[in-house]
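S.K.: Take a look at the letters that make up each chain.
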Amino acid sequence: MSPLDTPEPLVQVADLSVTFPVGQGAAVRAVDGLSFTMPPGGALGIVGESGSGKSTVAYGLLGLHRGTGAEVTGAVRVAGRDVLAAGDAELRALRGPVAAMVFQDPLSSLDPYAAIGDQIAEVYRVHRRDASRRAARARAVEVLDRVGIPDAARRARARPHEFSGGMRQRALIAMALACEPRLLVADEPTTALDVTVQAQILGLLRELRAETGMGLLLVTHDLGVAAGNVDELLVMKEGREVEHGPAREVLDAPREDYTRALLAAVPRIDVRRAAGDTATAAGEPLLEATGLRREFGRGKRAVTAVDEVSLTIRPGETVGVVGESGSGKTTLGRMLVRLLEPSGGVLRYRGRDIGGLRERELRGFRGEAQMVFQDPVSSLNPRRSIGESIADPLRTAGELTGSEIEERVRRLLHRVGLDPDAYHRYPHEFSGGQRQRVGIARALAPEPKLIVCDEPVSALDVTTQAQVVELLGDVQRESGIALVFIAHDLAVVRQVSDRVVVMRDGRIVEEGPADAVYDAPRHPYTRGLLAAAPSLAPAEAAA
Amino acid sequence: MRGYLLRRAIGAVIVLFALSLVIYALFYVAPGDPARLACGPRCNPEQIRQVREQLSLGDPVYVQYWHFLQGLAAGHDYSTGTGVLHCDAPCFGLSYQNDQQVTDLITQRLPVTASLALGAMVLWLLLGVGSGLLSALRRGGTTERVLTWLTLAGTATPVFIIGLLLLMLFCAYLGWLPFPSYVALTEDPEQWAWNLLLPWTALALIESAKYARLTRSSMLETLAEDHIRTFRAYGVAERSIVGRHALRGALPPVIALTALDLGSMFGNAVLTETLFGLPGLGQLLVHATRTVDLPVVVGVVLVTGAAVVIANIVADLLYAVADRRVALA
Amino acid sequence: GPKEAGDAKGGGAAGDPKQGGTLTVLNREPQSDFDPARLYTSGGGNIPSLVFRTLTTRNRADGAAGTKVVPDLATDLGTPSEDAKVWTYKLKDGLAYEDGSPITSADVKYGIERSFAGELSGGAPYLRDWLVGGERYQGPYKDKGGDGLKSIETPDAKTLVFHLKKPEGDFPYLATQTQFAPVPKAKDTGTKYEEHPVSSGPYKVVRNTGDGERLLLERNPHWSAKTDSQRHAYPDRIEVKSGLDPAVINQRLSTGSGPDAAAITTDTNLGPAELAQVSGDKQLADRVGTGHFGYTNYLAFNPRTKPFDDPKVRQAISYAVNRTSVVNAAGGSSLAEPATTFLPNQKALGYTPYDHFPAGRTGDPGKARELLKQAGYGEGAAKGPLTITLTHSTAQDFEASPEIATALQAGFKKAGIVVKLQGLEDNDYKQRVHSTKTQPGLFLGHWGADWPSGGPFLAPIFDGRQIVEDGANFNSARLNDPAVNDEIDEINKITDHDAAAKRWGALDKKIGEQALTVPLFHPVYKRLYGKDAKNIVISDWTGVLDISQVAVK
Amino acid sequence: MSAGTLEERPAAVAPPAAPSGARQVWRRLRARKSALIAAAVLALLVVLALAAPLLGALEGQDVGAYHDGLVDSARGGVPIGSYGGVSGDHWLGVEPGTGRDLFVRLLYGARVSLAVAAGATLVQVFIGVAVGLAAGLGNRLVDSALSHLSDVMVALPMLVFAIGVTAVVPSSFPRPVLLVFVIGLLAWGGTARIVRAQTLTLKRLDYVAAARLGGASRLRIARRELLPALAAPVITYAAILLPTNIVTEAGMSFLGVGVTPPTPSWGQMLSTATTWFRADPMYVLLPALLLFTTVLAFTVLGDGLRTALDPRAASRLRVGRTGRAARRRKRGTPA
Ligand SMILES: Nc1ncnc2c1ncn2[C@@H]1O[C@H](COP(=O)(O)OP(=O)(O)OP(=O)(O)O)[C@@H](O)[C@H]1O
Ligand SMILES: Nc1ncnc2c1ncn2[C@@H]1O[C@H](COP(=O)(O)OP(=O)(O)OP(=O)(O)O)[C@@H](O)[C@H]1O
Ligand SMILES: [Mg+2]
Ligand SMILES: [Mg+2]
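Quick mapping for you: the protein sequence lines, in order, are chains A, B, C and D. Convert by adding 1 to the 1-based position in the first sequence; the result is the number in the working numbering. Convert by adding 7 to the 1-based position in the second sequence; the result is the number in the working numbering. Convert by adding 2 to the 1-based position in the third sequence; the result is the number in the working numbering. Convert by adding 113 to the 1-based position in the fourth sequence; the result is the number in the working numbering.
Simulated from the structure, these hints should not be mistaken for lab results. Note that beta-carbon positions come from the ideal geometry of N, C-alpha and C, so glycine has one too. Misleading hints may appear alongside valid ones.
Computed, partial: chain B to chain A, Cβ under 7 Å [as the list claims (entries may be wrong)]:
#, residue
1, Y241
2, G242
3, V243
4, H252
Build out the structure end to end from the sequences listed, making use of the hints.
M.R.: Here is the structure:
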């Protein structure tokens, strides 16, 4: 291309470095000498594992680092404006009409106290001072309608908590649209959403791009999401560019090892579980749920989270539970280990009814069933060393001496791939993946017969996710523990499960051997789920 | 909603019931014989006996308490010597010391204390929340420092000193304001406000530091939330962010604290009332406590208790209005 | 006598007093008792004496002249029988209530009778103790059909005859109390009467809110100055605002802005701090009235408890007391005068100087130690150092207050006496020290004259027949000496006040030898008044300015 | 990729290693100069208070000694000399009326004031935490019973309660201790509320669930898992309570139910000094200044502690949170 027919790039980043001071003179260089450009109307995907600096770059485009203490060097130009040099007013004028941002977390990105329509109208009026209040509100309804909110005029008056996650994300996109930006920066816009909703949102973004010709900068850690939605891919690691090129090229023929490793770690929905891993699901049932129910709230507000669920778990087998957000997976899992008391139905552990027992009567059961929690942060007490946390159930049981316990904990730490000397360290000194390993070690400590894993990997990036899944498989192979594996990611579930249960609205809609469910889904809902799952599609075939 | 209010009302009754029991218990053990006090400094035993009978102080405590409950439910007749005085339900009884109806004493004084407390509340909220907001916006600046010192000086100074200083300055030295003397709101709203201005200010100065600090910290907390980031990312000016989005999020803890303070102000503003010569409930209560005037003390404490409970209910309702995600349960 | 007692017109702003204007009264305590049956002091104090006229009243004059008793409703001070057991009074002509109806002797009798009612308790005990049948009478409400107290006769509408159990030369003084104010039976509303008592004086109650918190008094058109030589009634209106903080009252009086210029207070003295400030300001200092009320603050012993049963111990303590510290604690020499006699320094009371255990200005620790050694106390002595407990009230009123107790404590330390303080809540304190069952061994006491005569000052404290076993007892030494009792009876027979006073003084001096109390100080009242207040008259009877004399024009 | 590689992950991905618990708090606190100064001032006050007898001996004065000659008796007992009678013998002057040495009395007063305030705060915190925890962990019945109880206590006027309690307790019982209980028993409502709210949040956290699965009893959970997390808000709140309690003690003295003389306390000195502020300003200013300094120091220290105890405070107001933090929030729940 000659300089003549190159229009001025929409985004121009040259040698961008961002450094965060973290106290005591220390600093984290989140972005390190990054350069790229993006033509008007283009679509660039930035991928990389967690902490590689993706969001930092995205914020840099809107000058959002200003006033936070971060040190930004290099050059950032958006639509010809120098973001780093711009004055405050100029910067405010840039935010919205030129570049608009859609944040990852729709739950918290809207003001919980104000009506959604008003929030959009407010943003609109910031840039269209001539617009009347009424006109702004009309515009809000219009964009809400555009992003597919049904009955937009009425729903504009709703507050965020009355919207579902997907609707909130649409509302955020509508807010961006209201300003007719030339560049839409989307920072992991779908990580918080179900696969089906994710597919809808990605479709919406594609449509809007085609319609308005705006540029899209999509930040994601999910290569599958990036695959179908961008022209170019920028792979980042430790704040630097690893690889940059047309999307298909990067996915099909990665030049760098790092990119290859990243791609390899992505779970594939059509990959069966390795044959040797399949357990013989025979023998007496370990845990047997019949017609299990659970309601929350009372009277008119009552919600039935789990409704007439029957499930049998045999020793040593893995049961996968999938379903979209709010389908009752967590509630079911918590009932199985009796963290929650069922409102109805029967729950038998080795033939004994444990459904209605009180906490004190559960003593005997407590060590037998454990849980690995979704959130590696809140599942460890930040004020206690991880060793203590793991040792706790052993101490409660009171069978071992102090030194025996410590010895045992060290072995467990080693078993889950951590340094035994980490005993005295605190949770915040570990990465998410490491913390999840600690959680697994803690679950293993009392030598349980059953572990319920509630989305154990959904907070982790693909590489770490792969490691943890592998660890769980190893543990099961060795000790023959029964696993209940809850996840919304269909591919991960397939990798580990012998049998799969699909949940919707608190009920089980389909149940069967994993391969049968994935290869020949009977229920339309299951088919819908499978269809919506993002994949590296054509690239994969070529690999 | 109606069910909620009903439940809260039942709770309130329980609280008030417990309060009256506590007061009866305290009085049973407190020093001083009301009969002797009512009888005068040099009574003979026979007279004291007469007065004791007159006040039914001879009955066992539980009987007295039962009569009190009866009076509340159905009213009571009292002899004035020449005639009969009917005290309508809810009847708190007659003062031991001067035979006034407790209900009358309270209804005369409640407006005074309510004026004092509510007005002071408005002022301390303005002062406290205002300076909290300012200092959250101008962190580290001179404005913040000056405001912090000012409000802190308020906290550190007992009301009897602040009050006297204010009186000295504005009434005696500068002569801008008359020495306060309560004028009913219904009589002359303007005079009412002028006369209460100093007591309001004194209380507000004392309370506002707490509010300033609370507002500032919950403001900073809210400003760190993600939705604020959204508005920043759309170029909304900081002022509207603070005024429209952050303030609302910062209010709930302020509301909760206000309820707590407002409620307890009804019984504990005695120093302010005395200093500024406001014939309010606090003064009445202290006087009654000093003269072992049980019916008056019970009456005032119940009104105070009701204020606390009502303030809490209102705060919870406001909370729910401010944050619609909160369900009233 | 008071300093300002100079000109006959009284102190205050210059110029002759004229009628008119509004007098503001800034007070601490509300007038919550406004029923003549319930009031204790002569004329019920200041404000009630504007509304209630009594058979006799105090002479409204400055200083010692003010200790005289003068006729009010009655034509004279009463005619005693030979043995002073029967007293006869005649009402003046032309006396009327605020509604114009005439005042009769039956109304005066009725007023006295209702003070016996249990519902209207609070008054002084004298009527009950003196009148024949007084101890059994329960007031007109209980005794509906009967014709009341037989010992008060009303032969006609103008005449009253009182029959007493024993001679009482002081009866004219008793007749100054509000129980002797007329109450029209038809208007009596029992306990509610105080909301609007029917006036016989120069002012009537127009508004009474907050149980005496705010009062508005206006002229009583049916009062006539011709029948009342004592009250002047210069202002047209009197507004009483009470429930105020003492510091604020004094501040307002000194600032004197708006209506406060024509303001006085009837119940708030200058405190030491205010005095210190006022005395530095000439203009303000001119507006301070000084009064002497017959009052004594003293240390009371209970000689029935150890170690106070030993006269040597009591004497040692008398020697050890540092009156300078105590006076300072009570506000300094302008607010308190050191006392060595039980009777205050007033001729009317019979003051006779003596100092049986001269402690000098700051105490005589040497003499005290010596006496203690004789009693077996002191370092190295058999019983070790003398350790005693002093009971006081926690109310900060310069009466039995902590300041005075600590000053004493510090002084006694020099004589090797260890004092432990026992501060009691005021009610608790009063109840304990005035009950024979709970009375502590040593406490801070105080006593004031019900009228300016030695009788009511000495008898309740030292008369053995006035020991009250189940009620309020003031004879804390439980002295029951026949010689003392007889002398009291003898003096009571005397109707010549001056002659009686001399004998009271001699009796005081005699009792003083026993060291049953340690007189500490006599308080002095300093009161600020507004800059427009004129004709300030302060008698030694009350020690405070007389509201009925004040003019604001 | 095998599990083994986890350890070799680059440090840049994991947050910078930080030292643990108390050390970390101390380090963050140390970074705030104002908090350090405040702590130093408070420490100095405590040392001065403790050393009161020594310092008194140094000055050559005794707390209880009267000096009748140093006050002008005729003028209400105002100290003779300028600045309230400041002299080589009496470094801060003398008390009006008695001539007692102010320097020593202020020091002794600090003992009582600080001890009463600290004791009352302890009582408030102890009851508040116990009640708040019990309400937060208990069932609805326990919860509503306890919150009603705290309403009752809030509604109970201080004076009535104080007089009642003083009457029950024999007068030989030390007054300061009694005051500790009177103030402590009446004002724990705020702490209880905070603790309850915090407990309700905390008990939903997964690590508490994990402890239950490990078979831990309720008591153990409260002690091991909840209490440490409550420390930050409670300590912060206590820093507000403490100065309030000093002022409350002053108010009690003003109403005549404070410490009994001759024991001095700042509150008691202030309440008697009020009327003196024109005749002898030093008498008011000294205790007021000390009180102010103390309140200020506690406030600043409290602010410092709050920030130090809250790891998030370091990153306050950041526009963007790190991806890790953002993703930790619960995924959207349907409406
Ligand atoms: N404690 C609770 N109180 C009230 N409702 C609840 C509670 N816990 C869960 N629910 C409701 O129950 C339903 C099922 O929730 P659950 O957490 O089991 O879903 P899930 O399938 O695990 O969803 P996700 O994928 O978002 O974790 C939802 O509607 C949820 O709002
Ligand atoms: N405000 C900040 N203060 C300190 N360090 C920060 C800050 N924001 C980000 N970092 C650090 O900078 C690095 C890059 O962060 P960034 O949020 O850009 O990563 P990311 O690629 O978006 O990760 P994720 O996929 O988890 O969102 C990380 O090590 C992070 O810990
Ligand atoms: Mg879940
Ligand atoms: Mg990110």
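S.K.: At a threshold of 7 Å, is the proposed contact between B/Y241 and chain A supported by beta-carbon distances?
M.R.: Since chain A brings a Cβ to about 4 Å from B/Y241, closer than 7 Å, the hint holds.
S.K.: Double-check B/H252 for me: the hint is only fine if its C-beta lies closer than 7 Å to a C-beta in chain A.
M.R.: At 5 Å from the nearest chain A Cβ, B/H252 passes the 7 Å test, so the hint holds.
S.K.: Return the status of the interface hint for B/G242: holds when the least beta-carbon distance to chain A is below 7 Å, violated otherwise.
M.R.: Result: holds, 4 Å to nearest chain A Cβ.
S.K.: Given B/V243 as an interface hint, is the shortest Cβ-Cβ distance to chain A below 7 Å?
M.R.: holds, 5 Å
No hint from the list above goes unmet by this structure.
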